[in-house]
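Asker: What follows is the residue order along each chain.
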Amino acid sequence: GENVEQHPSTLSVQEGDSAVIKCTYSDSASNYFPWYKQELGKRPQLIIDIRSNVGEKKDQRIAVTLNKTAKHFSLHITETQPEDSAVYFCAASDSGGGADGLTFGKGTHLIIQP
Amino acid sequence: NAGVTQTPKFQVLKTGQSMTLQCAQDMNHEYMSWYRQDPGMGLRLIHYSVGAGITDQGEVPNGYNVSRSTTEDFPLRLLSAAPSQTSVYFCASTAGLSYEQYFGPGTRLTVT
Numbered sequence: 001g002e003n004v005e006q007h008p009s010t011l012s013v014q015e016g017d018s019a020v021i022k023c024t025y026s027d028s029a030s031n032y033f034p035w036y037k038q039e040l041g042k043r044p045q046l047i048i049d050i051r052s053n054v055g056e057k058k059d060q061r062i063a064v065t066l067n068k069t070a071k072h073f074s075l076h077i078t079e080t081q082p083e084d085s086a087v088y089f090c091a092a093s094d095s096g097g098g099a100d101g102l103t104f105g106k107g108t109h110l111i112i113q114p
Numbered sequence: 001n002a003g004v005t006q007t008p009k010f011q012v013l014k015t016g017q018s019m020t021l022q023c024a025q026d027m028n029h030e031y032m033s034w035y036r037q038d039p040g041m042g043l044r045l046i047h048y049s050v051g052a053g054i055t056d057q058g059e060v061p062n063g064y065n066v067s068r069s070t071t072e073d074f075p076l077r078l079l080s081a082a083p084s085q086t087s088v089y090f091c092a093s094t095a096g097l098s099y100e101q102y103f104g105p106g107t108r109l110t111v112t
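As you go down the protein sequences, you meet chains A and B in turn.
Using the working numbering, you'd call the opening residue of the first sequence number 1 and step up by one each time.
Using the working numbering, you'd call the opening residue of the second sequence number 1 and step up by one each time.
Simulated from the structure, these hints should not be mistaken for laboratory data.
Worth double-checking, as some hints may not be accurate.
[Stated by the list, open to error] In silico SDA-like pairs for lysine to any residue, Cα to Cα no more than 20 Å straight-line:
#1 Lys-57(A) x Tyr-99(B)
#2 Lys-106(A) x Pro-39(B)
#3 Lys-106(A) x Gln-85(B)
#4 Lys-42(A) x Met-41(B)
#5 Lys-58(A) x Tyr-99(B)
#6 Lys-42(A) x Leu-109(B)
#7 Lys-71(A) x Ala-29(A)
#8 Lys-9(B) x Leu-40(A)
#9 Lys-9(B) x Gly-41(A)
[As the list claims (entries may be wrong)] Computed Cβ-Cβ distance ranges for the label pairs, DEER-style:
#10 His-109(A) x Gly-51(B): 32 to 38 Å
#11 Pro-105(B) x Glu-83(A): 18 to 24 Å
#12 Gly-16(A) x Met-19(B): 43 to 49 Å
#13 Gly-51(B) x Ser-52(A): 22 to 28 Å
#14 Gln-60(A) x Asn-28(B): 27 to 33 Å
#15 Lys-14(B) x His-109(A): 31 to 37 Å
#16 Asp-26(B) x His-72(A): 35 to 41 Å
Backbone N, C-alpha and C fix where the C-beta goes; we use that ideal spot for every residue, glycine too.
Put together the whole structure using the sequences plus the hints.
Answerer: Here you go:
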């Protein structure tokens, strides 16, 4: 089955700086790669996703890049703000994330230092 | 729309007891899934369903049963609770043509 590795487990950055979280996956058939943000005690919320026919996607301060050859994808957050502090999870699926669920990484605790 | 709802929010069980975690969605989504979340482990897939009457096992199915008699409901049953099943449980649903999974608010289960 699919295996998703996520690094780092904890990331501390100064407010206003950029943050990068990286994930690798094992199944070359995976075709959907979402990123979720989870605040303490809350449910995961989708913040951005990318499909395997696209190399990069941006949404304001958030971007995701995908390298299918190397089987890795990354989340980039620019101009970080205090409200970006949370746990971020990457995930992968070979069915579009719907039919047979998602395989998640173990999460990155992002801390924004004032 | 209420989206994905889960009950109860909190539950404490004794070892050996059984219970059912409820999950419902009002978005007419075909696909539904159950995950458990443990500290430092991310979310792990327990069971999933691609439609009424169809279920399958995920990564960590042992000790759990599911059924899907309607499109809206996808209950998760713990047959004989064990302390290792102490976790936060999330239900999720996805529309057939959309890739986004919508998560419920979660159920925090403690087994003593």
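Asker: Under the criterion that the straight-line Cα-Cα distance not exceed 20 Å, is the pair Lys-106(A), Gln-85(B) satisfied?
Answerer: Between Lys-106(A) and Gln-85(B) the Cα gap is close to 18 Å, so the pair holds against 20 Å.
Asker: Given the hinted pair Lys-71(A) and Ala-29(A), is their alpha-carbon gap at most 20 Å?
Answerer: holds, 10 Å
Asker: Regarding Gly-51(B) and Ser-52(A), is the given constraint of 22 to 28 Å on their beta-carbon distance met?
Answerer: With Cβ atoms ~25 Å apart, the hint holds.
Asker: Are the Cα positions of Lys-42(A) and Leu-109(B) separated by 20 Å at most?
Answerer: Roughly 15 Å separates the two Cα atoms, so the pair holds.
Asker: Just to be careful, I want the Cα atoms of Lys-57(A) and Tyr-99(B) compared with a cutoff of 20 Å; is the pair within it?
Answerer: Measuring from Cα to Cα gives roughly 15 Å; hence the hint holds.
Asker: Does the Cβ-Cβ separation between His-109(A) and Gly-51(B) fall within 32 to 38 Å?
Answerer: Holds: the Cβ-Cβ distance is about 37 Å, inside 32 to 38 Å.
Asker: Would you mind confirming whether the straight-line C-alpha gap from Lys-58(A) to Tyr-99(B) stays at or under 20 Å?
Answerer: holds, 17 Å
Asker: Take the C-alpha atoms of Lys-42(A) and Met-41(B), compute the straight-line distance between them, and say whether it is at most 20 Å.
Answerer: At roughly 16 Å apart (the allowed maximum being 20 Å), Met-41(B) and Lys-42(A) satisfy the hint.
Asker: Does Gly-41(A) sit within 20 Å of Lys-9(B), going by the straight-line distance between their CA atoms?
Answerer: Distance ~11 Å between Lys-9(B) and Gly-41(A) Cα, so the pair holds.
Asker: Holds or violated: Lys-106(A) and Pro-39(B), Cα atoms, limit 20 Å.
Answerer: With Cα atoms ~9 Å apart, Lys-106(A) and Pro-39(B) stay inside 20 Å; holds.
Asker: Has the hinted range 18 to 24 Å been met by the Cβ atoms of Pro-105(B) and Glu-83(A)?
Answerer: Distance hint for Pro-105(B), Glu-83(A) holds at roughly 20 Å.
Asker: If you check the beta carbons of Lys-14(B) and His-109(A), does the distance land in 31 to 37 Å?
Answerer: holds, 33 Å
Of the numbered hints stated above, none is contradicted by the structure.
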